[in-house]
Structures are given as C-alpha cells and as structure tokens.
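Number of protein chains: 2
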Amino acid sequence: MRGSSCTPRTRETIPVTQIRRTLFEPAALPADVRDGLRSLCAQARGDILTMTTLAGCGHPGGSMSSLEILSLLYSQARLDPSRPTASGRDRVIVSNGHISPGVYSVLGRLGFLDLEEALVSFRLAGSEFEGHVERSVPGLEITTGNLGQGLSAACGFAVADRSLGLDNHVWVVTGDGEQQKGQNCEARRFAARYGLDNLTVIVDCNGLQISGSTSSIMPVDLEREYLSSGWRVEKVDEGHDLEALYRAIRGGSGPGPTLVIARTVMGKGVSFMENVADYHGKALTPDQLASALGELGLENRLDELRERRRSWKPMPPADGRGSQPPSQILEHYGEARIYPADHKGDDRGAFGSALLDLARSNPGREPLVFDCDLAGSVRTSDFGERYPGLFFQCGVQEHHAVSAAGAASLTGRVVFFAGFGVFAIDETFNQHRLNDINMTGLKVVATHCGLDVGEDGKTHHCINYLGLLRTLRHYSTIVPADPNQTDRVIRHIATHPGNYFVAMGRSKTRVIQDEEGQPFYGESYRFSYGQADLLRTGRDVAVLTMGLMCQRAIEVRDALSERGISAAVFNISCPLSIGTELVDRLRDFRLVATYEDHDRGSGLGASLSVAMAEAVTGVPLARYGVREYGFSGPPEELYRMQGLLPEQVARALAERLKAL
Amino acid sequence: MRGSSCTPRTRETIPVTQIRRTLFEPAALPADVRDGLRSLCAQARGDILTMTTLAGCGHPGGSMSSLEILSLLYSQARLDPSRPTASGRDRVIVSNGHISPGVYSVLGRLGFLDLEEALVSFRLAGSEFEGHVERSVPGLEITTGNLGQGLSAACGFAVADRSLGLDNHVWVVTGDGEQQKGQNCEARRFAARYGLDNLTVIVDCNGLQISGSTSSIMPVDLEREYLSSGWRVEKVDEGHDLEALYRAIRGGSGPGPTLVIARTVMGKGVSFMENVADYHGKALTPDQLASALGELGLENRLDELRERRRSWKPMPPADGRGSQPPSQILEHYGEARIYPADHKGDDRGAFGSALLDLARSNPGREPLVFDCDLAGSVRTSDFGERYPGLFFQCGVQEHHAVSAAGAASLTGRVVFFAGFGVFAIDETFNQHRLNDINMTGLKVVATHCGLDVGEDGKTHHCINYLGLLRTLRHYSTIVPADPNQTDRVIRHIATHPGNYFVAMGRSKTRVIQDEEGQPFYGESYRFSYGQADLLRTGRDVAVLTMGLMCQRAIEVRDALSERGISAAVFNISCPLSIGTELVDRLRDFRLVATYEDHDRGSGLGASLSVAMAEAVTGVPLARYGVREYGFSGPPEELYRMQGLLPEQVARALAERLKAL
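Here the protein sequences come in this chain order: Y and H. Each residue of the first sequence is one higher than the one before, starting from 60 at the first, in the working numbering. Each residue of the second sequence is one higher than the one before, starting from 60 at the first, in the working numbering.
Any given hint could turn out to be false.
In this list, chains with the same sequence are indistinguishable; a pair is considered to hold if it fits within one copy or across any two.
[Claimed, not checked] DSS-like, lysine-lysine: derived pairs with alpha carbons at most 30 Å apart: (1) Lys567 to Lys717; (2) Lys294 to Lys403; (3) Lys341 to Lys567; (4) Lys717 to Lys372; (5) Lys717 to Lys294; (6) Lys403 to Lys341; (7) Lys403 to Lys717; (8) Lys567 to Lys294; (9) Lys294 to Lys372; (10) Lys341 to Lys717; (11) Lys403 to Lys567.
The hints are simulated quantities; they were obtained by calculation from the structure and are not laboratory data. Given the structure is predicted, the values throughout are model-derived calculations rather than measurements.
Isolated chain Y, as found in the complex:
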C-alpha cells in the first residue's frame, strides 16, 4: 500500500541536527540542548511552510504553535531514531494528527526520517507523508486525524506497556480545540483511575480552532476539568520557551497522570500568521512563503523542490503495514472444550470459559481484557477476578474503551474487548474505523446481538452489525452457531493476528448436532475463517443461516420435510466472506434462502445477494430477516411478529417454491 521510509535514503541532503538526549534527567534544560533545539525549531518553521505551500494545502498554524513541544519530546524522550520501534521506548502520541508538517519536520531534523522526501512528497498520493500522521512513519505510534481519540490510545499503550513490566513513558500532544470532544473526558478519568504515572499530556493551547477562538466556539476550562478528574496540572505561560516547557514537562512526573497546558501562538514565528485562525488549515501562497522565509532568515527552496515534486513517484507498494509489525497472537490454543450433545448453554458463557482457558494456557502472555461495566453479562468477570491486573474497567465510556483497547493491541499483548452489540459496534463505529485504519489487532466479542436480546427493546437490539462491519477492511467477523463453535472461534482469534469481531446472542441454545446426534462442532473440528458448514444435506432448497438461527434453521428443514421438500442447511459463520465455492454449490438448488436474526437489508442476505449477482447464478434468493425495529418482549414473540419462527419461514418457503 505504501512507500517505505526504510529504503536507503539516497536523496537525503538535509543534515540531522545532533541534540543530546537527556531523558529529562537534568533539573533544567542544558544550554547545549536548548541551543540545538532553538536551531532545529528555526529551521523546522521553514520546513513546515515550504511543505504546505508546495502541497497547496495542509495545516501550518498548529504545526508552528506545537513546534517547541514536539521538538522537546522527540529529542529528549527515550527514543532512538535508528530504532524507532525498539521495545521499551517512550511513546509519543500525536492526537491532533493534522499538525503533520510540524511532526515530519521535527522527526526529519532529528534523523527519524528523510526530511527531503517529506518536503517533496507531502500529501502526494502514495507518499507516507500524508495530511494526517500515519503510524507507518518512524516516530509515530498511531494514525490519527479524527480528533479526540489520541488520549484514549495513549491510555491503552500506557496500561499495556505497564502490564509488560516496562517503565517507559507515554507522551501525548494534543490541540486545545480537540479537548472539546467528550472522549477526552472519558480517557482522563480512566488514566486517573489506573494511576497512570507514566502518562503526560501536553496541550498546545494556541487558543484558536477553525471557526475562531476556542473560548468563543466552545469554552473548556482545562485546568479545572483535569484537576477535577484527579490529574496533576502544570502550566506554561510561554509555550515557545524551551526552558519553561522543559521544567513543566519534567515537573509533571509524579504520582498520577499529568497535564501540561502550554500557551502558544498559532503560526508562531511569522508576523502575519501569528494568532490568525485562518492559518489553521491554509497554506501560504508562494509570495507569502518568500516573505515568511525572509522574515525567518531561511533559504527559499520552493522552485527546486517543486521540480522534484513534479517528478516524484511513490515507492512500490509494501505489505500495507508500513514499518510496524502485525499484532500479537497467543502461542497456545489450549485444549478445546467439547460441550456434549445434550448441553444447553449460552455462547457468551463459552466465550468466558475459553478466555480463561487461553489465559491459563499462556502464562506470562495472558490477554488483556477491557470492559464497560458489563463484565457479568458478557462473561469476562471470572477473568477479571483471576487476573485483576490485566482487566481494565472503563465504566460507561465505550468510545474510550475501543480506542484504548485498539492501541493496547499494538503492543506485545493480545487484547479483548467485550460488550453488548449496540455498544461494541453501533456506538463505537468510528473508533473501530480508526482501529481498522491502524490495523490494530483487537478481539471484539459482542454479546446481546439480534432480537434475541428480547425485553431490553429496540435501543438494545443490535440488528445491524454486519452492515457496519462490512464497510471496514481489516476486521474479520464471525457469528458462531453454538457453544462448541464459540469455543473454537475464541481460540482461533486469540491465536491469529488482526482485528476480529465475534457476534453472539444472549440466550441459551442447544448444541448443534450432526445427523447422528453427535456435536457437529466436536472433537475433530477446528475453525477455519471463511468456511461454510453444511449442517444438513438436502436437494430443493438451501437455507443459509448463522449464529443462534442455526438451530432454528434445522427446525425449518424439519417443517419443510413434512411438506415433502428437501432442504439443506448451511452455517455461514463468516457472513462477510462468502466464497465463490459456496456460491457455485448453490447453483444446484431451486431456491436459496437466507435466515438471520439481523436486518435483512444489510446482513447475510445482502452478502449473498452481492456474491450471487457477482457470479450471475440466476438462482432465486429469498431473504428472511429483521424488517423493522423490534419491541420489548420475549425473543420468541419478537420473531413471530416478524415472521421469523421456523414454521413461518417454512410456510413462506414452501409457497415461494410453489410459485417458481
């Protein structure tokens, strides 16, 4: 997907600024370091302006206001430009991802990356130097861009690193406008609750956002808000004074997380840009650039660089993960639990048991589990009691939980997040989308999906998860049929990299049996992603189903059989990955039906429609699923009201067949 900065830097012409790395140990900023940083910042201001003018767009204002903060952190934190992903490193999270020109300039001047390449290719399609920072760039931990998620990600890194026994520090750079997002409030409470001494947030308080001053747009009393959540707060009146910044950042280390409020100036360093909100997201014209560079006493390389930009070509695509390794996996699958044919239990219980087994089977590498006040219902409470140091209670703060858990999965840990479907995906969709973009390795277990939730009613019926997850690229979705398949699925996702979303209902269900009455997902079964399972053979109709509806689909088959119709039943446990092989098998049937406890317009039936249209099968397809919001009531009644009871579906199918 992208050019790699790890290729030889043959075109590098800009010398690295050598600055002594103090790890914030001296009480005051040493003079040599200060002088080096001043020089770096002076140069970087020119880089920022040149880069954005060349691109004709970008965000120079905040880049310049945050420059001293960025350069102090990247030069003084425990980081090694030649080994930017070394274990035990400090992490710098840039939450306001639009200040990318500032970040690239500092990282380039410090030798993390090829600044010349950044200058030339900023915002060109195929360059890794994108408009918002990407984690494939050395020195960056996470791709940001949608505001307000960075602090949560930082919390995830901080708790995961601590669980690994590391004593590193997590630094967050954030804008002040961005602090309006409520997710920050969730994150700061979490940080205080977990006593994150290893977390420092520096707010680039330039007082401006797109539409004007932050105080006129939406005032936030940062100091009082963070104090009220139990943080330590340091203030720097002159956020461009390197020595004052250093003292505040250093003074901030102590019990609990620390906020540093640094008063800065948008567009700092260029007279006509200072404190002008318009420069939040507007590049200078070439004439303005010439004037600004003159004021800064810097060489104007615009023409030369523009030539090079015109002929710039992206590197050949890499593997899509930039320089970052894939997410962690557990080594040991453990011993599968076989639930006997007469077992009746819920899938969430099987999840909880498998989770505990996996933890026991992988001593020292147990997963982390994030919860939002639902552990008892989603069956992670046993894990929480057994492994309190690896269990993270986020309260009713789902946005934070998903971002934090996603970031935690980028460390050396396997990470689970479990919650009700409506919170695990509907409420947190965009947090998952950012995880998706970051190619995190989060294992989401969503219980309480479908009308099966019953009496809690429509606000709690998650009937659309497939519709949402279909639009993500790096989440694999699985809907297990019974406790046996659930057990194997949970072991599978813990031992495979990448994001997974496992959806299950709330109710108890019988174990799916084969035609001999033995557990279908028995001793010999191993889950394989994308595989369709033929639960029952048949000739006339193929019924494709998933999750708790598998049991009911077998009842549909029985009811059809009484009418002299032979139906096959397939469990499609990976409804977003319909293979061509399956579609080919369906050509043999007179009618194909999908049967799901999910919105029929965006679920399994929709997946199959697309696959069948693609293959031009010409076989008619009948889709049975949720048509409207369900009431609050027993699931059986809710199914009846939407024509989803087995007898109703069998009757409808028989009629449809007759009409063919």
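Place chain H on chain Y using the hints.
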C-alpha cells in the same frame, strides 16, 4: 407499530392521585402536596416491584431511587396529564431510560397513562410499556436506553423551545453511572455556552452501577466537573426527602443551567434491596415480592395480574409514531436557483445558498442550524451570520450535536445539521440510530464524502455512508449530482417531514447537461424521492452512478462510444431506494455497471445487487467503486490508483462486454 394509550381506558382500575400542581412557585413544598406525593411514592414502590416481578426482568433498583425525583417533576412541572403534548409544556427527559418501571408508575398514578395496562403489559411484545422508555408514552419526550444521550436531547429541546419564544423549562433525570459517558461533558458545555436558564438536570446519585459502586468503577466528581463548565450546582443529601428535593430544584432556577445532585438509595424502601447493585437490573422473585410488599404495607396483586398478563393482547398496530406528531416542515419551497450550463461550483455552495433562500422564504419559521466548527467548509456560515439566534455552534462535539439537533427537530422547528461525512455519520452513527428510533426530522447535510476529499486522507474520506445509513429505517438518503439538483434536494427535504441525509463531495463540478447542452436539472425539474434519472440514453451497457461521479460517468459513456459501445447513464440519487421499475428497465441491457466514489461492497453496487437478486434479472453486474482506503493526495490521483478514472472504467467495461 404499537398499541396506543389514547384508546379509551376501559380497564383502568387504579385511581389517579390528585396532587396540586404548584409549578414550583411556592418557596417551600406545601404540606398537602408533600403528603400527596408521599402517598403516591409509597404506592408506586409497589407498582415498580410488581411490574418487574410480573415481567421477570427490568430495572427496579434505580426506579426506586429516582421515585421522589420523578414524582416531584411530573406533578409540579408545567404539564397537563390530559394534554401531554400541549405546546409550551415543560419537558421531562428521562435519560436513564431503564428506570421505566418508576416512570410508568408515577405517570400512571398522576393520570398520564393507564397504570393497570402498564402493570399488566410491561415488557410484553406489542405493549408501549417497553423496557426502556419510549416517547409514544404520554409524559415522555424522547426514547432513551443507550446511556448518555438524554442531556444532549434536552439541550436541543431547550434551544428550540427558546427559539420559538416559549418560556418553558426542560428537566432532565439522569443516573450517576451514566454521567461517565463523555457526551454529557459535551452537552453541559453547550448548555453553559448558550446560557440555558431553562434547563435543570437532576442526578439520581444512588452510587451504584451494574458492576458495583460508581466510585470503584469509574469515579466522576460531578460537582467539580459541572462547576468547571459554568453550571450552578445544588446538592441534596437526602434525595428521598421531598421537601429538600423541592428546595434544591426550585433554588436551581437562576442564570445558567443547574445541576441538582440528589443522594439516593438504590432499591429505596425495601430493606433487603437497599444499596444492593444487583437490583439495578434484576426483578424480585414472587416470594421476595411478597416479602417486600409486606414491608411496604401494600396489597399483593401478583396472581390476579399474572392471569391478565397471560391473556393480554396488543392493540392493532398504529402508524408507528405513537401519539407524537410528525416532524415539522417549512411551508415555502422558495424559488429554485437555476445554475446555468456553464456554471462550475460545488454542491456545498448550492446547499448554503438554498438554505439561506429557505430561511428568507419562511420568515418566522426559519430553520435551526447546528454546526461543529466547520461552518465555513460546509457553507452554513452565511446562515449563521444572518441568523445568529438560530445557529448553534457545538464545537468539536459531534455526538452532542447530532442528539441535540435530533431532539430539536421534534419541536416546531425544521432543523439542519451539516458536517463532514466522517463526523456526520461515522462518528455519530449511534446518535443517528437513536434519532431513527425516535423518528426525528433531522436534515443532515454531509459534505466531504468520498475520495473526492483528497489530501486530508483516509481518516477524512467518508466512503461508507451508504453502508451505515442502509441499516436505519427512518432516514432517507440522497446524493445529488450537481449544484442544480442539490438546490432542489435541499428545498425538498426542508419541505418534507422525517430524517434526511444528503451526501456530497468537496470539489467543484460542472453542471450536468442534457444532450442539448442545457442544465439537466433545469427550470422544470422538481426532486422526487426514489426517482432514477436517465442522463444519457444507450443500448449495450447501463451505467448507474450518483453524486460527483455523474459527470465522470458521462465521460465513461463518451469513451465507450469511441469503442463502438453504446452506454446509457442513470443518476441514482437515492441509492438506498432502488425501485423495481428501474430494475425492470435494466433487463434490456447486456451489462449493468455501477460507478461510485464509495466503498463498492456497501454502496450503490450493493444496493443494486440486492435489488437485482430480488428480481432475478440474470443480467451481469459490474461494480466499480472504492476498494481500499485512499491515500492523502489529489482526488484525480486517488481515483486513478483505484481504477476509477473514466478511461479506466471504460476500458474495464469494454473488456467485460467482450468476455460475455
């Protein structure tokens, strides 16, 4: 969808408690009112317990802790049980929707609804007395259930009512656990910024949430947090003392919004339930109920009610909107703006102009507009300058904005919310889902959709809006082709009830012309929802497209024509409403293609796949759309990288035709 409580209450057997309504005018709670309320609460405790035990589920704990709060508000606020939707009424928002048993008991005892019906049918499929409160129930303003959205909704009601010149008050009941949600922080800042003197929030501080004490799960210092946002805070140490509660609630009226922190006891009134977190969401057993009712000195009607519950049947379905009227519309469409054939402009500009026209054409009934610091980009800033009192700046607080705007649309106002696609739907999906459930009438205009966004990169490319909106039931989605169609679409949605989502790109585009070079969407055009427009006739291939790709689709046609292939071009501006008539017309072509600046797996191509599978057309379908996250770069380059330039699509289509 639901039984109506407006039918004659023939089965009503429980007498209404007559309580004098003081509108909080006396300095202290009059003794007669106090006594009446005490008696009501004593009875209502029994109702709550009976109702939940009958259902075998529900939330008794919080219902009992909030009982005095609920009864004071519903009995003393400006409300009329016989005219629950009267204009100018106070509004009571129950944000913690799970305390429905408490709400129904109080409303029933006060004569808003048939309590007997609530007791008997609570949580039965088809009853309006659902597990979480529904706005179809008299006395309720909004359906809640997913925590943390109620305060935002209240803000929306408060500003909309104020804009109508009403001097009513908006009261919010909320749980303490729920206050953890970050959206509350966004809402409270908004309330302070807009000086909502007419807003009072009462927190039922029972100190418990599902997993245990709020202070152990996720501490929130409510007093300091709300004070830091500029609220007035009143505290009541004994939240079951009606006189103290009255004083605090009354004392709370003054400049700015007020928070009343009421310390209460979960399960209040029954010794073995008090302060037990388990009773958050667990009903008593029949034996426990008998014991509790004995303690409360109340009659046990369980057996009698259970009989009636067994034979209860829902009323015939009503129109799905309960007792609430449909959302408001503007009366005057105004005069359409015709952009000439040689005009080049962006759709967002056409939106901004139409919005201003509509406001001017409907004096005194101008729409309200909600913004999240993007007014300049989404072109609502002119409206904001012209109508500052009707323009609501929410800052970078999208969750709040969508909930508030949705609620505001349930008043006498037409309401617009405009933002970038990724914030207008991806970040706020679940807020829209709650709007959808509430059948609000919000007009969402999402600019910056598609790869057309360009250099801001993948975090800002909204390429999945159709996938998300497809799962909602009461949002109509429109993707206009050019400034002319945009103009007509905006006028249409303002003059029609219900939720609309209008998606557009960022770039300027040419006006779509007919074959004579005149504006296709000219003088005679009026938008009709669901209509497909044949932009160009053709024989071999039908290219279905939408939005900015319409212009490019015409170029595809030209490129095919050079190869001797005749292509028709259809603008499908309502891609989630593919009609059977259109599908029938497609049978005449050898090949159908969809062409979109949207994820190909969940967009127009997916819609058409489903419609074609449904109709079993057998015509091959080729889908051209976004396959992977785009880079940061000029749109033209991004299209090229995904094979979406007209020449690339024409080439692919020609090859596909050859292979048929």
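Hints, one by one, checked against the model:
no.: 1; hint: Lys567 to Lys717; result: neither (35 Å within a copy, 53 Å between copies)
no.: 2; hint: Lys294 to Lys403; result: neither (59 Å within a copy, 50 Å between copies)
no.: 3; hint: Lys341 to Lys567; result: between (57 Å within a copy, 18 Å between copies)
no.: 4; hint: Lys717 to Lys372; result: neither (61 Å within a copy, 34 Å between copies)
no.: 5; hint: Lys717 to Lys294; result: neither (77 Å within a copy, 70 Å between copies)
no.: 6; hint: Lys403 to Lys341; result: between (62 Å within a copy, 22 Å between copies)
no.: 7; hint: Lys403 to Lys717; result: neither (37 Å within a copy, 56 Å between copies)
no.: 8; hint: Lys567 to Lys294; result: neither (55 Å within a copy, 45 Å between copies)
no.: 9; hint: Lys294 to Lys372; result: neither (45 Å within a copy, 65 Å between copies)
no.: 10; hint: Lys341 to Lys717; result: neither (65 Å within a copy, 48 Å between copies)
no.: 11; hint: Lys403 to Lys567; result: within (6 Å within a copy, 60 Å between copies)
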